[in-house]
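J.: As a plain string of letters, each chain reads:
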Amino acid sequence: AQKVTQAQTEISVVEKEDVTLDCVYETRDTTYYLFWYKQPPSGELVFLIRRNSFDEQNEISGRYSWNFQKSTSSFNFTITASQVVDSAVYFCALSEARYSSASKIIFGSGTRLSIRP
Amino acid sequence: NAGVTQTPKFQVLKTGQSMTLQCAQDMNHNSMYWYRQDPGMGLRLIYYSASEGTTDKGEVPNGYNVSRLNKREFSLRLESAAPSQTSVYFCASSEWTGGKDTQYFGPGTRLTVL
Chain A
4 AQKVTQAQTE
14 ISVVEKEDVT
24 LDCVYETRDT
34 TYYLFWYKQP
44 PSGELVFLIR
54 RNSFDEQNEI
64 SGRYSWNFQK
74 STSSFNFTIT
84 ASQVVDSAVY
94 FCALSEARYS
104 SASKIIFGSG
114 TRLSIRP
Chain B
5 NAGVTQTPKF
15 QVLKTGQSMT
25 LQCAQDMNHN
35 SMYWYRQDPG
45 MGLRLIYYSA
55 SEGTTDKGEV
65 PNGYNVSRLN
75 KREFSLRLES
85 AAPSQTSVYF
95 CASSEWTGGK
105 DTQYFGPGTR
115 LTVL
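Chain order of the listed sequences is A and B. Each position in the first sequence, counted from 1, maps to that position plus 3 in the numbering used here. Each position in the second sequence, counted from 1, maps to that position plus 4 in the numbering used here.
Treat the hints as calculated values from the structure; they're not laboratory data. Be a bit skeptical, because a hint or two may be false.
Unchecked claim - Here are the computed lysine-lysine pairs in the DSSO-like style, where the Cα-Cα straight-line distance is at most 27 Å: (1) LYS41(A) - LYS6(A); (2) LYS107(A) - LYS73(A); (3) LYS107(A) - LYS75(B); (4) LYS18(B) - LYS61(B); (5) LYS75(B) - LYS13(B); (6) LYS61(B) - LYS6(A); (7) LYS107(A) - LYS41(A); (8) LYS6(A) - LYS73(A); (9) LYS41(A) - LYS13(B); (10) LYS107(A) - LYS13(B); (11) LYS13(B) - LYS61(B); (12) LYS75(B) - LYS61(B); (13) LYS61(B) - LYS41(A); (14) LYS41(A) - LYS73(A); (15) LYS107(A) - LYS61(B); (16) LYS19(A) - LYS41(A); (17) LYS107(A) - LYS6(A).
Unchecked claim - Label pairs and their calculated CB-CB ranges: (18) ARG115(A) - THR116(B): 13 to 23 Å; (19) ARG81(B) - ARG115(A): 24 to 34 Å; (20) GLN72(A) - SER88(B): 37 to 47 Å; (21) LYS6(A) - LYS61(B): 14 to 24 Å; (22) PRO12(B) - GLN5(A): 30 to 40 Å; (23) ARG81(B) - SER45(A): 22 to 32 Å.
The structure displayed is predicted, hence computed values, not measured ones. From the three backbone atoms N, C-alpha and C, an ideal C-beta is built for every residue, glycine too.
Bound-form chain A, shown alone (with noise of 0.2 Å):
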């Protein structure tokens, strides 16, 4: 069955230090589709990055940077020099491509991120 965990239930580190949070997954699929999701404190849900299995290029995106090892079946993400709009809530999430019609995405429990000044 395919299940996301995000073991580090909340993070804190002062400003402009590196943090890195932890993503494990498992699959049957060879197929499958890996996303971090934020939600800050306004509570919505914004998209950060999408990769496949197919794929394990790091990659990175200004501060963010995502580290994806199809071995040890992790998908972690980490940001460089943490400013305190980084506060949030960073969810982890798995899909499927086995299904014929419509993406069913599994969700982590999240990582509730704290910046301190």
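Add chain B to chain A, keeping to what the hints say.
T.: Same frame as chain A, now just chain B:
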């Protein structure tokens, strides 16, 4: 482009009351979804609609019904609200592309059932 809109933003119900949560998207997406978010549990899929005229159960459908009114609108109905349905409800939409489609979310409805 408003994206995905939801009404109302907040609602308080008494046990046994009914209500309908409305969702609309202007991105011309085929697929729409309803999730609930409870503390410490992430988001769980209630129902989804792969296309206009079709609906299917998700992980936690009990106590809910849905209607895909047209391509733009997907409503969620609570026939007889229970305190266990106190939650934040999110609607999402996506364009089906073989599983890699990205879901875009509305701002959520915070529902309290007393």
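J.: Confirm or reject each hint.
T.: Outcome of the hint check:
Only pairs whose Cα atoms come within 27 Å are accepted, and LYS41(A) paired with LYS6(A) is accepted, the gap being roughly 19 Å. Distance check on the hinted pair: LYS107(A) and LYS73(A) sit about 21 Å apart at the alpha-carbon level, within 27 Å; holds. Simply put, LYS107(A) and LYS75(B) have alpha-carbon atoms about 19 Å apart, close enough for the 27 Å limit, and the pair holds. At roughly 25 Å between alpha-carbon atoms, LYS18(B) and LYS61(B) fall within 27 Å of each other, so this suggested pair holds.
Simply put, LYS75(B) and LYS13(B) have alpha-carbon atoms about 22 Å apart, close enough for the 27 Å limit, and the pair holds. At most 27 Å may separate the alpha-carbon atoms for a hinted pair to count; LYS61(B) and LYS6(A) meet this at roughly 18 Å. Distance check on the hinted pair: LYS107(A) and LYS41(A) sit about 18 Å apart at the alpha-carbon level, within 27 Å; holds. For the given pair, LYS6(A) sits about 15 Å from LYS73(A) by alpha-carbon distance, which is consistent with the 27 Å threshold.
Under the criterion of a C-alpha separation no larger than 27 Å, the hint pairing LYS41(A) with LYS13(B) is consistent with the structure, at around 19 Å. This hinted pair checks out: LYS107(A) and LYS13(B) have alpha carbons roughly 25 Å apart, not beyond 27 Å. With a C-alpha separation of about 24 Å, the suggested pairing of LYS13(B) with LYS61(B) holds against the 27 Å cut-off. Proposed proximity of LYS75(B) and LYS61(B) is supported: the alpha carbons are some 18 Å apart, at most 27 Å.
With a C-alpha separation of about 26 Å, the suggested pair LYS61(B) and LYS41(A) falls inside the 27 Å cut-off, and the hint holds. Our distance criterion of 27 Å between C-alpha atoms is met by LYS41(A) and LYS73(A), whose separation comes to about 23 Å. For the hint linking LYS107(A) to LYS61(B), the alpha-carbon distance of about 11 Å falls within 27 Å, and the restraint holds. For the given pair, LYS19(A) sits about 19 Å from LYS41(A) by alpha-carbon distance, which is consistent with the 27 Å threshold.
Under the criterion of a C-alpha separation no larger than 27 Å, the hint pairing LYS107(A) with LYS6(A) is consistent with the structure, at around 12 Å. Distance hint check: the CB atoms of ARG115(A) and THR116(B) are about 22 Å apart, consistent with the given range 13 to 23 Å. As the Cβ distance of ARG81(B) to ARG115(A) is approximately 32 Å, the hint placing it in 24 to 34 Å holds. Range check, GLN72(A) to SER88(B): Cβ separation about 38 Å, and the 37 to 47 Å hint holds.
Restraint check, LYS6(A) to LYS61(B): a C-beta distance of roughly 19 Å satisfies the suggested window 14 to 24 Å. Judged by the Cβ atoms, the range 30 to 40 Å given for PRO12(B) and GLN5(A) holds: they are separated by roughly 33 Å. Checking the proposed 22 to 32 Å range against ARG81(B) and SER45(A) shows it holds: the Cβ atoms sit about 27 Å from each other.
When each numbered hint is compared with the structure, no violation occurs for any of them.
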